Amino acid sequence: MPGKERSVVVNYFTKLMQGCEAASSLALKHKEEPLPFRKLVEMKIHLLFCSCCSNFVKQSEKIDISLNGFFQQVSEEPPFTAGTDFKAMLKEKLK
Amino acid sequence: MTPPDPSKWVDRYTDYLFSYAFFKTGNREDAEDLVQETFLSAFKSLPGFKGNSTEKTWLTSILKNKIIDYYRKKKSGLSLDEYLTATTDQFENSYFTGAERHFKADIQSNFITESPDAWLLGKEFQKFLEICLMNLPMKIRAVFTAKYLDDEKPETICKEYSITPSNYWVLLYRAKVMLRECLEKKGVLS
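Which chain is which? The protein sequence lines are E and C, in order.
Take 1 as the starting number for the first sequence in this note's numbering and just add one per residue.
Take 1 as the starting number for the second sequence in this note's numbering and just add one per residue.
Quick caveat, the hints were computed from the structure, so don't treat them as lab data.
Please read these numbers as outputs of a predicted model, since none were measured by experiment.
Hints may be right or wrong, so weigh each one.
Derived pair list, reagent style SDA-like, types lysine to any residue, alpha-carbon separation capped at 20 Å [stated by the list, open to error]:
1. E:K95 - C:E55
2. E:K95 - C:K8
3. E:K91 - C:E37
4. C:K50 - C:P4
5. C:K56 - E:T81
6. E:K95 - C:D5
7. E:K29 - E:V41
8. C:K147 - E:F71
9. C:K139 - C:K159
Whole structure, please, built from the sequences with the hints as guidance.
As structure tokens, this is what we get:
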């Protein structure tokens, strides 16, 4: 590959590998809605070579599992308790 | 259809509604006020209850609308969009490094990824999660819980909290980054 074209390709890949914030946020968004094709490909390439971002995406999936379990449980076992005086006052008001 | 029975509401639903409101407001007194207003509104509109949903779902939807009003009235300080813009540097400097904005090294911690799903759903980890959720900045937590607790669609959340779609994604991303870091720290402590 001629020097000039090679440097264009190298610059493009260098730029792709910069910006974990942009790539990892796109990866999260892509879990819920489609991305424009170019952004999708660039994000995938970044993740392929960036262990930080691919790790973040795995961690995010695990956190989602935990979050969904947690919020399902909130309905059955509320994590916080209202004060007894407050409950007594409510009972009076609802008579 | 079983008719609503207000005499049983307090024992049946107060803790759930209080937890719901406390997650979204971060303030005990405000949460109690909102629950009280919810019960009183529901009590007044009992004749209008058609039984299309359960009593609990009906009360939750009243509370949800009260919380949205609470945020609309509470216009003190920055709007959510302004808050996100104002805190961009602080967020990026905390979690990313260099002009290239690479993740800081701690992203390679693997407490979360190496934990089996059963542990992530167990009481101990869920307690960490509760602590970390409550540590999220209030403005972020209200929207974050609208997604995970209410399972609402992005367009609904944007409308309810007057936030742009792009900032909605920024907000969810920040919440996830902060939550991840907090959970990894708890993992180190465990």
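Status of each hint after checking the structure:
1. Straight-line distance between C-alpha atoms of K95 (chain E) and E55 (chain C) comes to about 18 Å, which keeps the hinted pair within the 20 Å bound.
2. Distance check on the hinted pair: K95 (chain E) and K8 (chain C) sit about 10 Å apart at the alpha-carbon level, within 20 Å; holds.
3. Our distance criterion of 20 Å between C-alpha atoms is met by K91 (chain E) and E37 (chain C), whose separation comes to about 13 Å.
4. Of the supplied pair hints, the one linking K50 (chain C) and P4 (chain C) holds, its CA atoms being roughly 10 Å apart against a limit of 20 Å.
5. Restraint check for K56 (chain C) and T81 (chain E): the C-alpha separation of about 17 Å stays at or below 20 Å, so the hint holds.
6. For the hint pairing K95 (chain E) with D5 (chain C), the CA-to-CA distance comes to about 11 Å; that is within 20 Å, so the pair holds.
7. For the hint pairing K29 (chain E) with V41 (chain E), the CA-to-CA distance comes to about 14 Å; that is within 20 Å, so the pair holds.
8. Note on K147 (chain C) and F71 (chain E): the hinted pairing holds, with a Cα-Cα distance of about 10 Å set against a maximum of 20 Å.
9. Our distance criterion of 20 Å between C-alpha atoms is met by K139 (chain C) and K159 (chain C), whose separation comes to about 15 Å.
Violated hints are absent here; each numbered hint is respected by the structure.
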